[in-house]
Amino acid sequence: MNEVVIDCLGEACPVPLVKAQNKLKEIGLGDVLIVQIDHSCAMKNVPEWARKDGHNVEVEEVDDGEWEVIIEKVK
Amino acid sequence: MEATKAFFNKLRDNDIYKQWFKSPLTYVAGAVLLSVFQIITLAVTGNPWGVSGVFANWGAWAYEAIGGSVDKWYYFSSTGAQNTLDAGILNHAGTMRNLGIVVGALFATLMASQFKIKKIKSKKQVVAAVLGGLLMGYGARIAFGCNIGALYSGISSLSLSGWVFAIGMFGGAVVGSKLLVKYFM
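Line by line, the protein sequences give chains A and B. Sequential numbering from 1 applies to the first sequence in the numbering used here. Sequential numbering from 1 applies to the second sequence in the numbering used here.
In isolation and in its complexed conformation, chain A is listed as follows:
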């Protein structure tokens, strides 16, 4: 199981979402993608997309206005 982190701090919508979508295509099954964001609308649309796509998703608030969206690729 690999863990891939993408740093989207300081980036506004829809950049974090598109970056996460592209990266998720590259990684293998069972790998974990961690998207670091500080844009609150990405905190909504990144998990929404990943859940709709059927992956396991968790959002963690790591600091004031900073989140990590943790996506486990399951298919």
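If you are wondering where the hints come from, they were derived from the structure by calculation, not from laboratory data. Just so you know, not all the hints are guaranteed correct.
Straight-line C-alpha distance at most 16 Å; calculated EDC-like pairs for lysine to aspartate or glutamate [claimed, not checked]:
#1 LYS119(B) <-> GLU26(A)
#2 LYS19(A) <-> GLU48(A)
#3 LYS118(B) <-> GLU66(A)
#4 LYS116(B) <-> GLU61(A)
#5 LYS18(B) <-> GLU61(A)
#6 LYS116(B) <-> ASP64(A)
#7 LYS119(B) <-> ASP63(A)
#8 LYS121(B) <-> ASP7(A)
#9 LYS116(B) <-> GLU66(A)
#10 LYS18(B) <-> GLU60(A)
#11 LYS23(A) <-> ASP53(A)
#12 LYS75(A) <-> ASP53(A)
Knowing the structure of chain A, use the given hints to seat chain B on it.
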């Protein structure tokens, strides 16, 4: 000190706090609230809701403050526009509303404990922001409205112009998205 910390830790896990201040509203709730308040805006001020036109007035007042005059400018040539400028910034409903948006957004983000000064990631971001801002600002003025004044208020007052604006904006958004993917991914 310990007591305050304990209080805030408790507040953080409080369901009412989480629901009202922490989690974002649903899109439907946001849409309904926006609609209600834009109706109130129209009823109270007599003008439909707009955002970017206010910036042009701010520019005019700033220019007048350093001794300039916009009397002869086509954009401000109507009696209505002159009256608004003469009445001053403190009597300008749009100014108060825009400041309200800024203060309200700040309040909301502070209440959710999500305030953060974001770093600038690259020079590219600066160039894109400045270019995009200038294009949007200029475009909004020659179109006599932005996505709020021309699109949102236009459509909600059953004006055909709002729909024409929507077609133009859709085309612009397609081009903008292509550029975004090309230069920012």
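For this session: Take the C-alpha atoms of LYS116(B) and ASP64(A), compute the straight-line distance between them, and say whether it is at most 16 Å.
Result: Within the cut-off at roughly 7 Å; holds.
For this session: Assess, step by step, whether the Cα of LYS23(A) is no farther than 16 Å from the Cα of ASP53(A), and give holds or violated.
Result: holds, 14 Å
For this session: Would you check the hint for LYS116(B) and GLU61(A), treating anything up to 16 Å between C-alpha atoms as holding?
Result: Status holds; Cα separation ~13 Å.
Exercise. Within a Cα-Cα threshold of 16 Å, do LYS75(A) and ASP53(A) meet the stated pairing?
Worked result: holds, 9 Å
For this session: Assess, step by step, whether the Cα of LYS118(B) is no farther than 16 Å from the Cα of GLU66(A), and give holds or violated.
Result: Distance ~10 Å between LYS118(B) and GLU66(A) Cα, so the pair holds.
Exercise. Taking 16 Å as the top limit, are the C-alpha atoms of LYS19(A) and GLU48(A) close enough?
Worked result: holds, 15 Å
Exercise. Has the given pair, LYS119(B) with GLU26(A), been kept, meaning a C-alpha gap of at most 16 Å?
Worked result: Violated, at roughly 28 Å.
Problem set entry | 16 Å Cα cutoff - pair LYS116(B), GLU66(A) | holds, 8 Å
For this session: Please work out if LYS121(B) and ASP7(A) have their alpha carbons no farther apart than 16 Å.
Result: holds, 10 Å
Exercise. Would the pair LYS18(B) and GLU60(A) pass a check requiring their Cα atoms to be no farther apart than 16 Å?
Worked result: holds, 15 Å
For this session: For the pair supplied as a hint, LYS119(B) and ASP63(A), confirm whether the alpha-carbon distance does not exceed 16 Å.
Result: holds, 15 Å
Problem set entry | Satisfaction of hint between GLU61(A) and LYS18(B), Cα-Cα up to 16 Å | Holds, at about 13 Å.
Going down the numbered hints, you'll see the structure goes against just number 1.
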